[in-house]
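Build the complex: two chains, separate frames, hints provided.
Read top to bottom, the protein sequences are chains S and G.
Sequential numbering from 1 applies to the first sequence in this note's numbering.
Sequential numbering from 353 applies to the second sequence in this note's numbering.
Honestly, the hints are just simulated from the structure, not real lab data.
Take the hints with a grain of salt, since some may be wrong.
Pairwise CB distance ranges, derived in the manner of DEER restraints [stated by the list, open to error]:
| # | chain 1 | residue 1 | chain 2 | residue 2 | range |
| --- | --- | --- | --- | --- | --- |
| 1 | G | A424 | S | K7 | 47 to 55 angstroms |
| 2 | S | G186 | G | A424 | 44 to 52 angstroms |
| 3 | S | A20 | G | D559 | 55 to 63 angstroms |
| 4 | G | G435 | S | R10 | 25 to 33 angstroms |
| 5 | S | A200 | G | A391 | 40 to 48 angstroms |
| 6 | G | S504 | S | I267 | 47 to 55 angstroms |
| 7 | S | T18 | G | Q536 | 38 to 46 angstroms |
| 8 | G | E355 | S | V319 | 44 to 52 angstroms |
Please read all numbers here as calculations on a predicted model, not as lab measurements.
Note that the Cβ used here is the ideal one computed from N, Cα and C, for glycine as well.
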Amino acid sequence: MRAMILKEFRELRRDRRTVAMLVALPVVLLVVFGYAANFTIDSITTKAVGPGADQVAALAPDLFDVVATDPSATAADARAMVRDNEADVVVDTATTPPTAYVDGSSLFVAQTASAAFGRAGDAVHVEILFNPDLETSWVMVPALIGLILTFVGTIITSIGLVRERQTGTLEQLAVMPLRPADVIVGKIAPYFILASVDMALVTLLGVWIFHVPFEGNPLLLVLGGAVFLFVVLGIGVLISTASQTQGQAIQVALMTLLPQILLSGFIFPLQAMPAWIAAIGYCLPLTWFVQLSQGVMLRGAGLDSLWPAYVVLAVLATVVFTAAVLRFRRDLAPGRRAARAPHAPAHAQVRA
Amino acid sequence: MAEPLVDVREVSRRFGSFTAVHDVSLTVAPGEVVGLLGANGAGKTTLIRMLLGLLPPSSGTLHLFGAPPSRASRRRLGYVPQGLGLYDDLTVRENLAFVADAFGTPAAVPDDLAEVADALVGSIGLGRQRRLSFAAALAHEPALLVLDEPTSGVDPLARARLWDTVRDRAEAGVGVLVTTHYLQEAEQCDRLVLMSRGRAVAAGSEDDIVGATTAVAVRAERWQDAFTALDAAGVVVTLAGRDVRAVDADLGRVERVLAAAGVAARAQHVRATLEETMTALDRAAG
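Just chain G, same shape as in the assembly (with noise of 0.2 angstroms):
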């Protein structure tokens, strides 16, 4: 197997008696698409902002391509960062031009750009402007790239067009680190990696995180009153249309609380999805 590039050990990083990232090992091996994932403050943005040399790690090993992150390494990575990082008040061609300067490489507008390439990239829509994020963080030909939340606020169509080039370059042989909370972009990814409250709890494919995990499928005319009933059980219930769903609970448990609330209910064990999953191991991690 090809050395991986990037080669997380055991980092954890505290501030002050918060630690934010707590003992998370992960690699990223050429060509693979790893998915971070896990709810606002799990810790994607900190083990992040390590990997990119912003913030030292409190303790563990962090390696990009073989050694710590440093302005080398820098040359063969390409960032997209959820705020964008663009300059509003340059043009499109002038923000390539700037970001190819910086690498040392020809600047070149896409095609799919070209339309705006002098529009001040204030002036474009946020799909063109993640778009251009994606072209800048790629045009100098990195062989990992970073994405943290690399398509929030973008429509279906700009995402999966942004999803298509993450594939792209993947084949390609690139390494791609991306943070996400789109669960339905888990499937985008080769390797899942799911943080709670600054742990990895889980990784691998989504059938591996989903492994036996199950959920009670609660099936009522009444579906409000079952929800209630055992939302007040303190059993974790989430919405599926109209079906109320137990999360990680016990059949004869969900059963009984129902029958004791009068509820008529049709209940049964389905295989759970990789978000009532993370529910679970968030609830286990807390």
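Bound-form chain S, shown alone (with noise of 0.2 angstroms):
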């Protein structure tokens, strides 16, 4: 037993991703996810419009974070600045007594703007929009395609391509006479079919068995899709280009899966997390497909709300996409700028 023990310290000494996914990981998840396992929402994003506007501005609860007001805008306006998630919260003073538009697609967020308002009485109307009766699957779903999305395409896109290098068939591809865009697009095509299909699958499914509402349109969630898909894979072969077996392609695709499943707002507000945690998490990829996800599904948001989440998600398609392009060709055509070095010694030792 004591040979077993020892012989497993000395691989695993030499196994430096594993030691990181031992030592230091454990430490950054405890930090960060400390900091990021927050449920309690410490302040809102509250806009004021109507006659009162000014009046509630300056008496609303520290809770209320008050941004704007806007004496002119009518009810219309206020349900259309929740929809395109310019706040969370819109107090319309132009009725007696006001009427609060929550955005019931911000979870956690709405529960807590409506206790706040329970706790006032008769004072405020409350009208939860795009989910009226505060339903978790109705926010869920929208974000699980993305995360099913993304488990698709880093880990199962990651695996597949690492399969092909440690079987020896990358070599085998790079002896053939296929270009490198060739092999790229055959490799990539199916996952990305794969993971339309499953994107297809699950909204349907959530809109049939949890009757989650699509307000949208739906070639926005399709254009959506493809832009992130192109990130999730561009990172799984970013992940395939970096591994060798398998088994360190998982370790390394779990690393990124893990801190976009609880940074993103998926699971614990972005609101209720200190700034610099949600910095890290509106890095993420997955942040702006829940955004994205949520806003085309829940609230009917359109393109003109809902462009910063697109161009975030283009940007890093295209930096993730282009370096995992790039270094998958590196595997598989390394000698195509060196074939003949240009100078070549004086003598050779045997002239076969």
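As structure tokens, then:
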């Protein structure tokens, strides 16, 4: 038994990735996720409209951070502000009592706001938009679409590509008369198609089983999904180029998946996280896809309000996918540039 | 003489401070079977990888069909890697169909694989997998065949069949470059290139390479004592049956060592085998 334990420690010492997972990762997870794992909302982005807007701004409790007032705006404008994610709560003072429009697609924010308004009794009429019964599944299903795409794109793709390297068939592909682009597209296209089918399936099942509404334009979700897929497939390819075995690929893929699950606002609301943790969240593709899918499906939001998510995902897709293709291409055609070296030495030992 | 299919001139490949291949030159002509021999780590696979365009040389020139390795040259090249390069989760037929598609040639399952045409490659024996790897490499009728340890792990009968295929192709004008460490296979080659520690240390036919290299064959009743005495004296010794053989050794010195150890033995000069010559050349290269 002692021999086994010693052998195991010796192997572990040389497996830096596993050591990193065993030692560094728990520390990072504890610090980052300790701050991130918080359901308590301290501040709700709020706007006030109608004749008493400025009064609301002056008297609102600290929980409601009134970022703007517009005395001339109407009830329709107030709804549009919530739909376009300009604020989580918009208070319309044109009615008696004032009406608070609350964004039901931000589940925890909506629950916190509702509870606060409930404590005020009849002073405020609360109307929860887009998810009136505050159904958890309505908020989760659009986010789960992103999670499933991330899983297929990152883990399954990287495993598939590394298998090619591990079995030596990648080398065989490299000596066939295939262009690197043929190999790259040929390897990635099936995963792209499968992930697209998954996306359609999960969306339809979500609507059918959980009655999740689909208020927006389906093409916007398709477009967002396609751009997002390029990001996660790119991450999968990148992981495969840095991994020698499928085990290594899974390790690294999990390291990229975990922060996305916990910091994307999918489980813990970004509004409840410290700014520096939320900033990390905003660097992750799943964060933007969740905003996009919830916006399109639940709020019926359009490009005019969702464009930042598309832009960020497009930039990430360009950077990550280009890097991935270049690295993969390097693996396939390493000798291209230097197949003929410029300077030959003066003599040969044996001329066969 | 026809233009060589492979023309490697003074090629070196360095990895940091380590030189894996050092100033190696070799050619392969149409219809010629050239054997690349050497121990593990001699630089054979690195040289093959450079030929295939998988690794750029650090210096020297390397031509396939008169030009540096390219996508066009790969069309005329068949490669059987040591690891076979087959998809275990595809059937024999599907593997061949994939390769045929990549080369733009019609797919056909050879008669000797027809029985397992629809079996998953992972489920068939190593001999058949090797046969399939050969079939995949030969399907597009390449002008050059590069074989990296093609008979590794194969039983003697299957090995003989694979060599029959190689010789058939060579007679049809295909150039063959084959790496092997089975020295018995060397006699199947028209020409040999011996590599040791990254260098090509000898080239030519088996007779050319062995040349005047000799060994001292020692026959003794107590052969174990003879072996121990010579080994202790720093003589490179091998065993051939119960004969102790001292590679590239001086007969007088061997006799003196044995006499000093009190071992009664008869020693005589004999022609070295290819393996013994390789051992001697390896020592000289070191």
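Each hint tested on the structure:
1. A424(G) to K7(S): 47 to 55 angstroms: 50 angstroms, holds
2. G186(S) to A424(G): 44 to 52 angstroms: 20 angstroms, violated
3. A20(S) to D559(G): 55 to 63 angstroms: 57 angstroms, holds
4. G435(G) to R10(S): 25 to 33 angstroms: Once the Cβ atoms are compared, 28 angstroms apart, the range 25 to 33 angstroms for R10(S) and G435(G) holds.
5. A200(S) to A391(G): 40 to 48 angstroms: Since A200(S) and A391(G) have Cβ atoms about 57 angstroms apart, the given range 40 to 48 angstroms is violated.
6. S504(G) to I267(S): 47 to 55 angstroms: The hinted range 47 to 55 angstroms holds for S504(G) and I267(S), with Cβ atoms some 52 angstroms apart.
7. T18(S) to Q536(G): 38 to 46 angstroms: Since the Cβ atoms of T18(S) and Q536(G) sit about 44 angstroms apart, the hinted range of 38 to 46 angstroms holds.
8. E355(G) to V319(S): 44 to 52 angstroms: 47 angstroms, holds
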